[in-house]
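Can you build the whole structure from these sequences, using the hints too?
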Amino acid sequence: MDKITALQTHNLTHTVTSKTGDLTILKGIDIEIKEGESVAIVGASGSGKSTLLGLLAGLDRNTSGEITLYNHSLTSLSEEKRALLRGQYVGFIFQSFHLLPSLEAIENVMLPSELKGDKQARQKAEHLLEQVGLSHRLTHYPRQLSGGEQQRVAIARAFASEPKILFADEPTGNLDEENGKTVIQLLFDLNRSQGTTLIMVTHDNALASMCDRQLIMSAGQLKEGNL
Amino acid sequence: MSFALRFILKEMRSSEVITLIIALIISVGTVTSISLFVDRLQLSFEQESANLLAADRVVRSDEPFPENWQQHAQTLGLEHAQRTSFATMIFANDKLQLSQISAVTEAYPLRGEFLVDDQLFAQGGPAKQGPAEGEIWLSSRLASLLDVKIGQSVEVGDKVLQIARYLVIDPGSSTSAFAVSPRAVMNAADLAATHVIIPGSRVRYSLLLAGERNTLGQYESWIKPQLKDGQRWQTPKQKGQSIGQTINKAESFLLLSGTLAVVLSGVAMALASARFVKRHLMQVAVLKTLGATPRILSKLFSLQLFMLFLIGAGGGLISGWFIQAGIASLLSSLMTTALPEPSIGKLWLGIATGFISLLAFCLPLIIRLIQISPLSVLQPSARIEKNALAIYAIGFVGLYGLMCLYTQGFILPTIMTLAIAGVGLVVSVLGWVMFKLGRLATSGATSGWQIGLASLYRRLTPNLFQLLVFTLIIMLGLILVGIKTSLVSDWQAQLPEDAPNHYLFNVQANQVEGINSISQQLDLTSSSWFPMVRGRITQVNEDLVEDLYPEGTPEPELFEREMNLTWANEVGDGNQVVAGDFHAEGISLEQKTAEEAGITLGDKLTISIGGIHYTLPVTSIRSVDWSSMRPNFYVIVPKQTLADYPANFVSSFFVKADQAQDFYHAMSRYPTVSILNVGDLLKQIQNIIAQLSQAIQLVLLCILAAGALVLVASIGSTLEERREEGALLRVLGAKASLVRQALIVEFGFLGLFSGLIAALGAEASLYAVQTFVFKSAASWHPLLWGLGPVIGVVLITSIGVFASRTVLKVPPMHLLREF
Chain F
1 MDKITALQTH NLTHTVTSKT GDLTILKGID IEIKEGESVA IVGASGSGKS
51 TLLGLLAGLD RNTSGEITLY NHSLTSLSEE KRALLRGQYV GFIFQSFHLL
101 PSLEAIENVM LPSELKGDKQ ARQKAEHLLE QVGLSHRLTH YPRQLSGGEQ
151 QRVAIARAFA SEPKILFADE PTGNLDEENG KTVIQLLFDL NRSQGTTLIM
201 VTHDNALASM CDRQLIMSAG QLKEGNL
Chain H
1001 MSFALRFILK EMRSSEVITL IIALIISVGT VTSISLFVDR LQLSFEQESA
1051 NLLAADRVVR SDEPFPENWQ QHAQTLGLEH AQRTSFATMI FANDKLQLSQ
1101 ISAVTEAYPL RGEFLVDDQL FAQGGPAKQG PAEGEIWLSS RLASLLDVKI
1151 GQSVEVGDKV LQIARYLVID PGSSTSAFAV SPRAVMNAAD LAATHVIIPG
1201 SRVRYSLLLA GERNTLGQYE SWIKPQLKDG QRWQTPKQKG QSIGQTINKA
1251 ESFLLLSGTL AVVLSGVAMA LASARFVKRH LMQVAVLKTL GATPRILSKL
1301 FSLQLFMLFL IGAGGGLISG WFIQAGIASL LSSLMTTALP EPSIGKLWLG
1351 IATGFISLLA FCLPLIIRLI QISPLSVLQP SARIEKNALA IYAIGFVGLY
1401 GLMCLYTQGF ILPTIMTLAI AGVGLVVSVL GWVMFKLGRL ATSGATSGWQ
1451 IGLASLYRRL TPNLFQLLVF TLIIMLGLIL VGIKTSLVSD WQAQLPEDAP
1501 NHYLFNVQAN QVEGINSISQ QLDLTSSSWF PMVRGRITQV NEDLVEDLYP
1551 EGTPEPELFE REMNLTWANE VGDGNQVVAG DFHAEGISLE QKTAEEAGIT
1601 LGDKLTISIG GIHYTLPVTS IRSVDWSSMR PNFYVIVPKQ TLADYPANFV
1651 SSFFVKADQA QDFYHAMSRY PTVSILNVGD LLKQIQNIIA QLSQAIQLVL
1701 LCILAAGALV LVASIGSTLE ERREEGALLR VLGAKASLVR QALIVEFGFL
1751 GLFSGLIAAL GAEASLYAVQ TFVFKSAASW HPLLWGLGPV IGVVLITSIG
1801 VFASRTVLKV PPMHLLREF
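Top line first, the protein sequences correspond to chains F and H.
Sequential numbering of the first sequence, starting at 1, is according to the numbering used here.
Sequential numbering of the second sequence, starting at 1001, is according to the numbering used here.
These are calculated hints, taken from the structure and not from any lab test.
Please note that the accuracy of each hint is not assured.
What the hints assert, rightly or not - Computed from the model, here is a short list of chain F residues facing chain H with C-beta under 7 angstroms:
#1 G46
#2 E80
#3 F94
#4 L111
#5 L115
What the hints assert, rightly or not - Pairs of lysine to aspartate or glutamate residues, derived as DMTMM-like cross-links and limited to a Cα-Cα distance of at most 20 angstroms, are as follows:
#6 F:K223 / F:D204
#7 H:K1735 / H:E1721
#8 H:K1592 / H:D1581
#9 H:K1299 / F:D204
#10 H:K1639 / H:E1721
#11 H:K1299 / F:E79
#12 H:K1299 / F:D118
#13 H:K1735 / H:E1763
#14 H:K1278 / H:E1011
#15 H:K1010 / F:E104
Model, not experiment: these values are computed from the prediction.
Glycine included, each C-beta is placed from N, C-alpha and C at the ideal position.
Right under this line is the structure:
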């Protein structure tokens, strides 16, 4: 039996208006990503990788074309509805972690479940932090954690909402090699154990080659590639 | 939403939220304390003035008023009494004397007390009720003139009344100053039997009312539409006009001061909100990626604002309550009577201030925050759309609305707003020119001077904003200093300690010397003597007054009645010639009277004195300070016009409390002289001034606190940028001392410049406020020009360098890692 399609685009085009005129960042992109796949998007700086990631995750509206996330067309939805979909299907990991500085580690991890009104938020968060090896850091604030620890909290937070798709934007970009390895290990472990689809933007070819598929972004167009 | 609550509680500890809360507490507290305190003063003033009026409100009529006026008061549950005043002859033995009689009902007076005595010319003791039926109270002067004593009888028309006491003060008429006839009080029940009131008699009927303010308001709105010519609704405020003016001036002043605190707090709130928003942009974007919908975020931040409001407004109300209680207890020693309790109902102004401040200064920014695109987490360039103009406009409208709310008018807010807008424009233009010049003079950054001056131009927009903020703060401070020094000292100068408290009139020329010697013996301060001759203006140029203003049309006061004319060699104290020549052979008119009658220099007036007509040109116009408590005149004519007429003389004296008895005794040798004691009135005014000066000190403190908050908040808003730059400079090899020098130059220059523009703005605003609001003469304030720049440089450099000290202390490596 074929796997379910998690994410699909059809002729996805995105144009931004700038002072010098309209600039087309994405030019008719067609991709299909199956549930449980891990996909790396690589390409030069400014090639439109992050824009594509943002659009796929429903963070912004594309100019034309179609994006379908588990049979929901993102293109026609209001921000209110897109936010609900994100809460339901999507998790994020960022290059600069983006933990909320005023909340403790565990509170950061609880956020996604709490936004959904999950009563078990705390137990789940404790369990996830334990999985990322931070059970001794529950009540620490982000500023009290190292970069690697912060990214591990961010991973725990991303999995807290039990997302179907996890988007990662340069997840190791701000980490040293050792921490980077730990984080990648965690990411792929959780990807496998929870059957989560993983879509990752990265500069790191070694990291990209660990994914099932590699997509290369160039001049606003995407092609399947081998690294 | 348990996480919402937790989220908020965590946020409460951040410096911006604390700044917001403090700013709210300051503005709500300031407004609350002012409104409560002014309310207490007003209540107290109304109570005291009610004593002068003998009631809370009075309806006055020249003819008997309809029965239902009194019935309606009864129905509403108001206390009521009646007084009928008229002038008539009183007979005793073989003497007769024109006197002013009040016939009063049982309940009279509703407020205040009679003062009566069993001795002639004594100080008197209180009496709650008027004379019983068949009895009359005569003033000492009247008794002396008629040569009668207590126990003897006098005839009022057809009625014989027995003298029971000597009247010292009738509470309802003690200030109706120039009723020259000696007074008496009788019972209203005896009035009909006198048969003195016949059609055509000049009688004044008063219906006195007392009760709850709201009920009185109901009665007022019921009666006012029914009032005809010759009928008037009187309030205590109208009665004691000079006190009313003082209170109104004071209220404007306090609210003006209060507005400054609110403006400053508003600026602090806006700055803190801007920082809050800046710091939360990424957080909100992250929350959005985690599935927070705009609705959830709106709820979250509404809840947050609401909690801010609860804490800030609650804290403000409580501190405002204590502040006004503090002022009141500080003043209790000065007060003759305890201040009435503040009314809880007055708290709304403080609550409204807090609410509007949040709406105007925080909400627009928060709305922008919620609108941030979640894409920002991936692309830092996709930041908040800055529609700064709209945000400033909302803040401005909020402030303007608040100011209008405080001052119940548009003049003061408009002046302040124009001043601020003007300063904004001047600051932007001058600032741009100066920054640009600084930049041109320092191409190539090698010294702290050059770096400091160059950075002013480099961050042009934020620096212009800071310049504006600092300029406004210093300017507002300077305006306060200016107002306090010029206006408060104006008031005190207007009413010196030895301001006259007794008027003597009906003095004959041959009595002047004797009274002067009494004055010398008792070492009293007196004004000069003014001769008074009664006269009436009958003709303006070629037109008869009765043709200009036929019967039934309202006529200017100048033509309405016979008035007191005087002559004088010199312009009196408190008088100022605004046009023409005082010494020319002609008439000198008081400015407002002349304006009302439409008379200008050169018009010819015909004055009738004892049936003889004199026609003279108007040769000068004077402005008169009526609150000076000295005798003042609408019309002054040349000496020879009055030379042939027997004049009454008038003068004013300052009599100390312990001299009063001696003075009255000495004056009993001149029973025909009328003595009017306005000492109580004066004491009241002086009390109020003392109270207000104290209150102003406290309001000043509130403003200072708000100002300091703004300074800190505004430096905080550019601190991160400054730290970044300082770190960069040091990474590039600059010594800490160079960075410090650059900071000192930058802040010092900012301060110097703010101070100079502020002095300019303050001078202009003071001119406007003095001229249009307080209606006093504008003056020059050299002090401000020294104070402004010095305060600017010292304050801003020290706070600026202090607030940015981390730029110098933190190792550059650490800073670079942060950014």
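Given hint E1721 (chain H) paired with K1735 (chain H) - CA-CA distance at most 20 angstroms: The given pair, whose Cα atoms are some 19 angstroms apart, holds under the 20 angstroms limit.
F94 (chain F) as chain H interface residue, shortest Cβ-Cβ below 7 angstroms: Since the shortest Cβ distance to chain H is 6 angstroms, the answer is holds.
Given pair status - E1763 (chain H), K1735 (chain H), alpha carbons within 20 angstroms: violated (42 angstroms)
Interface restraint verdict for G46 (chain F) against chain H (beta-carbon cut-off 7 angstroms): violated (11 angstroms)
L115 (chain F) as chain H interface residue, shortest Cβ-Cβ below 7 angstroms: Nearest chain H Cβ about 5 angstroms off; hint holds.
Given pair status - D204 (chain F), K1299 (chain H), alpha carbons within 20 angstroms: This hinted pair is violated, its Cα atoms lying about 41 angstroms apart.
Hint consistency between K1278 (chain H) and E1011 (chain H) [alpha-carbon to alpha-carbon, up to 20 angstroms]: It holds: about 14 angstroms lies between the C-alpha atoms, which stays within 20 angstroms.
20 angstroms Cα cutoff - pair K1639 (chain H), E1721 (chain H): Violated, at about 78 angstroms.
Minimum beta-carbon distance criterion (7 angstroms), E80 (chain F) to chain H: holds (5 angstroms)
Holds or violated: K223 (chain F) to D204 (chain F), with C-alpha atoms at most 20 angstroms apart: Distance ~18 angstroms between K223 (chain F) and D204 (chain F) Cα, so the pair holds.
Pair hint outcome, K1299 (chain H) versus D118 (chain F) [Cα-Cα no greater than 20 angstroms]: With a Cα-Cα distance of about 18 angstroms, the restraint between K1299 (chain H) and D118 (chain F) holds, given a limit of 20 angstroms.
Pairwise hint evaluation, D1581 (chain H) against K1592 (chain H), where the allowed Cα distance is 20 angstroms at most: holds (18 angstroms)
Hints 1, 9, 10 and 13 from the list above are not met by this structure, while the remaining hints are.
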